[in-house]
Amino acid sequence: MGRELQLGYGSNRRVYGDPGEGYSQSTPRDSYFGGRGVRAINADIPHEEPQLPSCLAITKAGDPCKARPAEGQSFCSFHKE
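Residue numbers (our numbering): 1 to 81.
Keep in mind that the hints were calculated from the coordinates and are not lab data.
Fair warning: there could be bad hints in the mix.
[As the list claims (entries may be wrong)] SDA-like mimics (lysine to any residue), calculated; alpha carbons at most 20 Å apart, straight line:
no. : residue 1 : residue 2
1   : Lys-66    : Pro-53
2   : Lys-80    : Glu-48
3   : Lys-80    : Pro-50
4   : Lys-60    : Ile-45
[Unchecked claim] Computed Cβ-Cβ distance ranges for the label pairs, DEER-style:
no. : residue 1 : residue 2 : range
5   : Ser-11    : Ile-45    : 45 to 55 Å
6   : Pro-64    : Pro-19    : 19 to 29 Å
7   : Lys-66    : Tyr-23    : 29 to 39 Å
8   : Asp-44    : Gly-22    : 33 to 43 Å
9   : Pro-64    : Arg-14    : 25 to 35 Å
10  : Tyr-23    : Pro-53    : 23 to 33 Å
11  : Asp-18    : Glu-71    : 53 to 63 Å
Please read all numbers here as calculations on a predicted model, not as lab measurements.
Glycine is no exception: its CB is placed at the ideal position from the N, C-alpha and C atoms.
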C-alpha cells in the first residue's frame with residue numbers, strides 16, 4: 001500500500017507528502033533537490049548494450065561458447081589450442 005493511502009490518528013498527524021502549515025517552497029523540487037541542481041532526462045532515448053566479444057568456438061552440443069576471450073584473441077582460454 002502506498003504511503004499516501006495510509007491513515008494516521010493523533011493531533012500532529014498529516015498526510016504523506018503534505019509539508020504542513022506555513023510551508024513555502026522557494027525552488028521547485030523537480031529542478032533543485034538536496035543542494036544540487038537536477039535536470040530531468042528523457043527515458044525514451046534508445047540505449048544499446050555494448051557488444052562484448054565472445055569465443056568463436058562451438059561446444060559439443062552445437063551451441064556457441066559463452067566465455068570471453070582475452071584481449072586481441074578470438075578464442076577463450078579453454079579453446080585456445
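List in ascending order the numbers of the hints, as given earlier, that are violated by the structure.
2, 3, 4, 6, 7, 9 and 10
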